[in-house]
Amino acid sequence: MHAGPPQLPSMVDGTTAVWQHATEPALPPARSNPPPASSGPPAHSGLGADFDALLRHPDRVLTRVAADDELAGLARAALATIAVAGAVFGGAVGAYYGGVQVVYAAVKLPLVLLATAAVSAPALTAFNCALGRPAQLRRDLALFLIALARMSLALVGAVPFLRLCELADVGYHAAVLATVTAYAGAGLVAVATLVRGLRSTARPGSSLAAVGLVTVFAIAAAQLAWTARPWLLRPRAPAPVFLRALEGDLGAALEGSADSARGEFRRGSAPLPSTVHGGDQ
Amino acid sequence: MSQQALEPEANLQAGWTRTGWVAVAGPVVAGMANGGVDAAGSGLVDGALAAGVLQLTVLTAMPALFVGAALSGESPSIAALGAATLRALAALSWVLLGVAPLLVLLEATRTDRHTQTLFGYALLAGAIVALRALAAHLGNGVLGARATWLVWAWALVAVPIGTGLFQQTLGR
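Residue numbers (the numbering used here), protein chains in the order written: chain A, 1 to 281; chain B, 1 to 172.
No lab work stands behind these hints: they were computed from the structure. In this text, a Cβ means the ideal position worked out from N, Cα and C, and glycines have one as well. The reader is advised that the hints may include incorrect statements.
Cβ pair distances, simulated, as ranges [stated by the list, open to error]: (1) V67/B / R196/A: 50 to 60 Å; (2) P160/B / T201/A: 27 to 37 Å; (3) A79/B / R262/A: 55 to 65 Å; (4) A48/B / A258/A: 46 to 56 Å.
Isolated chain A, as found in the complex (with noise of 0.2 Å):
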């Protein structure tokens, strides 16, 4: 502790305590000591400092979700993010094929998304009723929002990263892999948030909630994500579509998959590869 004219406030322990004995400070606080959370900037004041505290405050998103306050705002901004998250990671996905495709995956992702939380969303509410926690749907609708719109900012994340393997002339499966786990990724980015944001209610419940929700989450996004196909699209495919005939869902994908890798195939052969973009990629 130093002493001695001019006074200046000291730092033990890290704490704030001798900063409310110290009179007239001559120098300011030192960034080393965190403000306590009451005296950091506006917790909302508008779109771009709701999307500010999506991106780095989540506790602080969270807090106000619990306490109901202010959920539109936060709600425009969740959605004004994945929106334009969605469709940047969208057209990241889809530039593999390149033209209108690019276009086709940048509306489709953010769409995805929405509607993961569409199907997601009430059963949050449901399951809170069943296991008595306080339910409301707007609530549980701004957490899934955001939970997604986090979700998209990680995805915003690994666009450099598939760039980067479409330089690298990957190849189309690698290129899938790729994609798949940056989506799975990100999707742990949202688990993470909505268990956080369960937990933010002190009533007991919360892991059986948590566990419910993940697994419909996580079929809801799968599937979803695997009915919108196609996102990449094969090389060889003769032109972009927006969306394929439905094919079952990705269960039976799977499946089909798996035994296909014993070696027990389902169809005679497979589609022989065109000469669009040369090479069966």
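Take the given structure of chain A and dock chain B to it, following the hints.
This is chain B only, laid out in the frame that chain A set:
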């Protein structure tokens, strides 16, 4: 039944109508989703069957609650036990309502087998939540600490009956 238990009993019976509607709505909606909303009549039949099976399961297993209560030296009223059971059924129903949109999504992909598998898991999860709710409501003054024991006795009767009934009616 002690005087102390009378107040919780009154609380249990409050909101009886709303709870009853929820208890019916969940199986109907989830059963319809499972049966396929696009199949004319089929989904409605499945929904009605699911609701009927769940109500029948509860009615069939109710005697186990009374026998268990008698064996444990308690004498709760029929209304108290009935209301607690209805709350448990409503908890299961909420779970089914929650997964109904997902069932519709899967059914729309025309993969009946996986939709039915998910419906089965939802029923299982709902049963767990229902037993938890039953233990909580019975333990809330109606039966006290013996509630857990009684709930397990009830589950031993209800789960096999419900599973059998569902396999007979909706399993295909």
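Taking the hints in turn, this is what the structure says about them:
Evaluation of the 50 to 60 Å hint for V67/B and R196/A yields a failure: the beta carbon distance comes to about 45 Å. Between P160/B and T201/A the beta carbons are some 36 Å apart, a value that agrees with the proposed interval 27 to 37 Å. At about 58 Å, the CB distance of A79/B to R262/A agrees with the hint of 55 to 65 Å. The given range of 46 to 56 Å is broken by A48/B and A258/A, whose C-beta atoms sit roughly 37 Å from each other.
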